[in-house]
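2 protein chains.
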Amino acid sequence: MQELEKAILDKGTVLPGNILKVNSFLNHQVDPALMYQVGKEFADYFKEFGITKIITVETSGIAPAVMTGLVMNLPVVFAKKNKSLTVQDNVYAAEVYSYTKQTTNQIYIEKQFLNSTDKVLIIDDFLANGEATKGLINICNQVKASVSGIGIVIEKSFQPGADWLKEHGYQVKSLARIKSLANNKVEFKD
Amino acid sequence: MQELEKAILDKGTVLPGNILKVNSFLNHQVDPALMYQVGKEFADYFKEFGITKIITVETSGIAPAVMTGLVMNLPVVFAKKNKSLTVQDNVYAAEVYSYTKQTTNQIYIEKQFLNSTDKVLIIDDFLANGEATKGLINICNQVKASVSGIGIVIEKSFQPGADWLKEHGYQVKSLARIKSLANNKVEFKD
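Residue numbers (our numbering), protein chains in the order written: chain C, 882 to 1071; chain H, 882 to 1071.
These aren't lab readings, by the way, just hints derived from the structure by calculation. Check before you lean on any hint, since a few could be wrong.
Any copy will do: because identical chains look the same in the list, a pair fits if it lies in one copy or spans two.
[Unchecked claim] Here are the simulated lysine-lysine pairs, DSS-like style, with alpha carbons at most 25 Å apart:
#1 K962 - K892
#2 K892 - K982
#3 K961 - K982
#4 K992 - K1060
#5 K982 - K962
#6 K1066 - K961
#7 K892 - K1000
Generate the whole structure from the sequences, applying the supplied hints.
The following block contains the structure:
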């Protein structure tokens, strides 16, 4: 997606440790017009998939997910994060390990918002190791809901998440795919 | 706002302790079409205020704020929450007390995303005691940015936040104003 790649090149910052900061349009400041374009791209790609519900994880997934929901006219559920790992009865929960922070969080969705007939589109801002996405898949599996598609704003293709998802048969659409962040330079996969 | 009041009556749940749960369209599951209507209402009300930036607090403020930003064609910054109260150099921070959770969190915005020439519209999902809103005002005051307006999705008018803001000269627009949640019943202020 050209506008997105341009925003990454113009406004992103590469930090040591393969970190791409896109705080100025996605993770802290949000560019709503760009997020709407992101939503249109996902809506267009997944329009024939019979999606019934969009899910994401708080916080940075919310903007692209609600814009996708707006275009597709679908409800969006954002999984909440919980530091304490006490599982409640009324939620589906999964553990998510963060490589960046080296901590394990619980994410959860209230049972009333997901059911076995749902065809779910998972949206997230970043895909690197895929831990958050796997957590959402885990929740869908508990519900026996179908994971019909996965929409990622920025994929770090050099990290294992994207390959893992594809090898396991998931339909992944990433709007920007980054091949390398070596030498503080963003290189896209064509 | 009629659609919003209808959603509150049809889908909201009143819990003991004056708690209104609107998890099915605002705080956990989000109704993007309704949030877009919310954004249009705010955009219409604040259109002559010369707003340059919209700010909110993660997590539940993000959906209404980005929809407002979409309609007004303005950037949105969501303040992040931090459990640890270590202040970093590159951020403006404020402490926010949560009456519900009885904890104090720090919220912060990176300095690069707010400056003294900004005319800020603060958006939040709920206004009760007004602690989160006061935290955002505190941050704007540190930057010497103007707080040009405050847009609230659901105001609990029987709690002190709304009156405090108005008494201090802030321009507050609340789309649903709740007079009482007594006897588990939602009563709107006309």
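Checked hints:
no., hint, in the structure
1, K962 - K892, "between (28 Å within a copy, 23 Å between copies)"
2, K892 - K982, "within (24 Å within a copy, 37 Å between copies)"
3, K961 - K982, "both (17 Å within a copy, 16 Å between copies)"
4, K992 - K1060, "neither (38 Å within a copy, 31 Å between copies)"
5, K982 - K962, "both (14 Å within a copy, 15 Å between copies)"
6, K1066 - K961, "neither (33 Å within a copy, 27 Å between copies)"
7, K892 - K1000, "between (35 Å within a copy, 23 Å between copies)"
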